[in-house]
Amino acid sequence: MMEASTLAPAADAPTSAAAPKDARIVIENAVKVYASAGEAPVRALDDVSIRIAPNEFFTLLGPSGCGKTTLLRTIAGFEQPTSGRVVLDGVDITGQPPFRRPINTVFQNYALFPHMTVAHNVAFGLEKSGLGKDEIAARVDEMLALVHLSGMHRRMPAQLSGGQQQRVALARALAPHPKVLLLDEPLSALDLKLRKGMQIELKRLQRDTGITFVFVTHDQEEALTMSDRIAVMKDGKVLQIGPPQEIYQRPQVRFVADFIGETNFLKGRLEPGGVARIGEAAVPLASAQGHAEGETVTLAVRPERVFLHPGEAASPDTLGATVENIIYFGTDTTYHLRVDGLPDPLVARVQNRDQSSPTFGQGARVRVGFPPDGLSVLRD
Amino acid sequence: MDIRRFPGTRFATWVFFLYLYLPIVILIALSFNENRSATIWTGFTTDWYVQVMNNGDILNAAKNSLIVALWATVIATCAATFAALGMARRRFKGQTAVSGVLAMPLVVPEIVTAVASLLFFILVGFDLGLLTVVVAHTVFCIPFAYLPIRARIEGMDPRLGEAAADLYADEMRTFLRVTLPLLWPGILAGAMLAFIISLDDFVITYFVAGAGATTLPVYIFGAIRIGISPEVNAISSLMLIVSLLFVSLSTLLTWWAGRRGAA
Numbered sequence: 001m002m003e004a005s006t007l008a009p010a011a012d013a014p015t016s017a018a019a020p021k022d023a024r025i026v027i028e029n030a031v032k033v034y035a036s037a038g039e040a041p042v043r044a045l046d047d048v049s050i051r052i053a054p055n056e057f058f059t060l061l062g063p064s065g066c067g068k069t070t071l072l073r074t075i076a077g078f079e080q081p082t083s084g085r086v087v088l089d090g091v092d093i094t095g096q097p098p099f100r101r102p103i104n105t106v107f108q109n110y111a112l113f114p115h116m117t118v119a120h121n122v123a124f125g126l127e128k129s130g131l132g133k134d135e136i137a138a139r140v141d142e143m144l145a146l147v148h149l150s151g152m153h154r155r156m157p158a159q160l161s162g163g164q165q166q167r168v169a170l171a172r173a174l175a176p177h178p179k180v181l182l183l184d185e186p187l188s189a190l191d192l193k194l195r196k197g198m199q200i201e202l203k204r205l206q207r208d209t210g211i212t213f214v215f216v217t218h219d220q221e222e223a224l225t226m227s228d229r230i231a232v233m234k235d236g237k238v239l240q241i242g243p244p245q246e247i248y249q250r251p252q253v254r255f256v257a258d259f260i261g262e263t264n265f266l267k268g269r270l271e272p273g274g275v276a277r278i279g280e281a282a283v284p285l286a287s288a289q290g291h292a293e294g295e296t297v298t299l300a301v302r303p304e305r306v307f308l309h310p311g312e313a314a315s316p317d318t319l320g321a322t323v324e325n326i327i328y329f330g331t332d333t334t335y336h337l338r339v340d341g342l343p344d345p346l347v348a349r350v351q352n353r354d355q356s357s358p359t360f361g362q363g364a365r366v367r368v369g370f371p372p373d374g375l376s377v378l379r380d
Numbered sequence: 001m002d003i004r005r006f007p008g009t010r011f012a013t014w015v016f017f018l019y020l021y022l023p024i025v026i027l028i029a030l031s032f033n034e035n036r037s038a039t040i041w042t043g044f045t046t047d048w049y050v051q052v053m054n055n056g057d058i059l060n061a062a063k064n065s066l067i068v069a070l071w072a073t074v075i076a077t078c079a080a081t082f083a084a085l086g087m088a089r090r091r092f093k094g095q096t097a098v099s100g101v102l103a104m105p106l107v108v109p110e111i112v113t114a115v116a117s118l119l120f121f122i123l124v125g126f127d128l129g130l131l132t133v134v135v136a137h138t139v140f141c142i143p144f145a146y147l148p149i150r151a152r153i154e155g156m157d158p159r160l161g162e163a164a165a166d167l168y169a170d171e172m173r174t175f176l177r178v179t180l181p182l183l184w185p186g187i188l189a190g191a192m193l194a195f196i197i198s199l200d201d202f203v204i205t206y207f208v209a210g211a212g213a214t215t216l217p218v219y220i221f222g223a224i225r226i227g228i229s230p231e232v233n234a235i236s237s238l239m240l241i242v243s244l245l246f247v248s249l250s251t252l253l254t255w256w257a258g259r260r261g262a263a
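Order-wise, the sequence lines are chains R and B. If you read the first sequence in the UniProt record's numbering, its first letter stands for residue 1, the second for the next number, and so on. If you read the second sequence in the UniProt record's numbering, its first letter stands for residue 1, the second for the next number, and so on.
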């Protein structure tokens with residue numbers, strides 16, 4: 001309601017198109033086709049182009065089978081793209097084997113060497129670095145301290161808990177000071193509490209080391225909390241790239257809006273003056289770029305961006321609705337609404353800040369409003 | 001339903017084990033029999049073992065057996081290791097067929113292999129001797145060495161090789177530092193199995209061993225034709241002990257590695 005300034009096209013906001021100028025790693029038009037006899041070939045990567053900046057915490061987010069792990073393995077060098085290039089600091093590394101790339105990986109199941117102690121695991125990547133024995137020992141100490149495992153040098157991996165193995169895998173991959181660290185769903189095997197802790201820990205490690213992190217996950221919350229930028233993938237394609245706020249607030253396609261968080265989808269027709277006709281209301285939009293007037297589009301709005309006003313007092317940019325269901329969460333209350341003239345129910349979430357926060361009873365008549373920048377016009 | 005509650009299960013089990021091991025127990029007992037007639041017990045003695053140790057022919061046969069078993073084991077285990085690595089590396093066309101061919105010596109009747117080997121050596125013009133025995137033994141030792149090694153590879157996390165490559169190890173280094181150490185228990189188990197199988201073989205050895213290449217089983221066979229003597233019992237008992245030792249060691253290694261490898 002107070003965000004009138006966002007009515008203008010968001011010029012200062014970070015936009016997905018503005019890729020970083022100096023890129024650490026660039027993926028150019030990567031295509032990976034898996035062909036197996038008797039079956040239709042699978043396009044695991046379908047023309048993927050991404051630029052990742054130095055120091056960035058970049059997340060590949062998508063459901064299983066979306067190609068995010070294939071992309072990670074292509075950067076590591078375990079997979080060769082069918083076509084396209086991988087460029088590191090301006091040098092084409094597409095054909096280089098993994099052991100020549102200054103890129104290290106934290107594997108999903110950690111892949112610690114079971115026959116080596118923790119210290120030997122961490123030192124493994126340093127043995128070919130030309131560092132002396134003492135320097136290697138010092139680096140191992142430093143790395144184990146970094147992941148809070150000091151004094152665990154002589155343990156075998158099998159003697160460690162899952163969380164500790166995870167830390168050893170991190171220390172091992174960070175020890176050679178790689179230019180890029182790849183993380184393949186490293187937190188998925190940990191329980192919830194440990195996972196929350198490691199999320200903060202990973203973010204800290206990334207800031208402290210200044211290494212570019214490329215993180216693969218299917219967990220949208222993980223992606224939102226940790227990333228500088230997120231690429232949402234589906235069926236081998238990148239659907240949208242942007243900072244977490246942008247991915248969450250301004251999804252460009254239905255899948256992105258649906259996959260991340262809770263979303264209401266509304267049908268609307270674009271009218272002159274940057275207005276969408278939703279039911280009987282004419283709602284102003286922050287941006288409808290790339291869409292023609294008169295076009296019928298799908299609009300997405302987050303439940304917490306839906307405003308509820310008591311009573312029937314009509315205004316041209318609101319819709320009448322009836323409260324059908326109330327779910328109380330403590331910090332907020334969720335209302336399921338039947339909106340006049342709309343086929344689908346609408347979900348609104350109201351924060352319970354203090355006593356003055358409005359509450360509505362079941363069957364109450366309310367008016368529903370949308371802030372202009374809370375409505376995203378979706379492609380497709 | 002608990003099979004242990006079936007009436008007579010305990011009894012049947014005892015009968016079964018007696019059936020399996022009673023002859024061996026009798027053999028060991030009689031190797032300590034004082035009486036020269038092998039079947040009449042008159043008193044305890046270790047003389048036969050002393051005699052075995054002083055018999056030049058037996059010692060020579062034992063030496064031959066060890067030489068053959070050692071060489072056959074080394075060659076077969078190397079071949080089996082590379083075969084197992086090759087088979088695990090990637091799927092290829094005709095892999096099932098190759099797998100079958102590798103295991104073939106396990107199912108081909110020994111006598112067929114024996115006759116075929118003999119025929120082959122004569123055809124090629126090889127003089128029968130220790131060398132021909134080693135060659136023939138290598139052939140049937142390969143599948144025995146192969147199976148435990150393959151099993152070990154199957155149980156290995158393929159990500160470990162990738163992790164090594166990711167940490168700047170080229171293929172050679174990955175093999176030496178990661179694959180081989182992890183495979184080692186399987187290789188040792190396979191080698192011990194091959195060693196025992198070679199030490200134990202009679203049929204093929206009997207066909208392809210030339211003069212002066214008599215191994216222990218062939219010697220025992222020859223000795224028994226003259227008559228069962230307590231001396232033969234003593235050699236057999238000794239061989240049994242060696243075999244048991246190796247098989248136990250092989251099993252122990254596999255078990256120990258399985259415990260250690262489980263991360």
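For the record, the hints were derived by calculation from the structure and aren't laboratory data. Remember, it's a predicted structure, so these values are computed and weren't measured experimentally. Possibly wrong hints are sitting among the right ones.
Said to hold, decoys possible - Below, a list of computed lysine-lysine pairs in the DSBU-like style, where the Cα atoms sit at most 35 Å apart:
id, chain 1, residue 1, chain 2, residue 2
1, R, Lys237, R, Lys193
2, R, Lys196, R, Lys237
3, B, Lys93, R, Lys237
4, B, Lys93, R, Lys234
5, R, Lys196, R, Lys179
6, R, Lys267, R, Lys234
Now for the hints, and whether the structure bears them out:
1. R:Lys237 / R:Lys193: holds, 32 Å
2. R:Lys196 / R:Lys237: holds, 29 Å
3. B:Lys93 / R:Lys237: holds, 32 Å
4. B:Lys93 / R:Lys234: holds, 33 Å
5. R:Lys196 / R:Lys179: Within the cut-off at roughly 26 Å; holds.
6. R:Lys267 / R:Lys234: Holds, at roughly 23 Å.
Violated hints for the displayed structure: none, as all numbered hints are satisfied.
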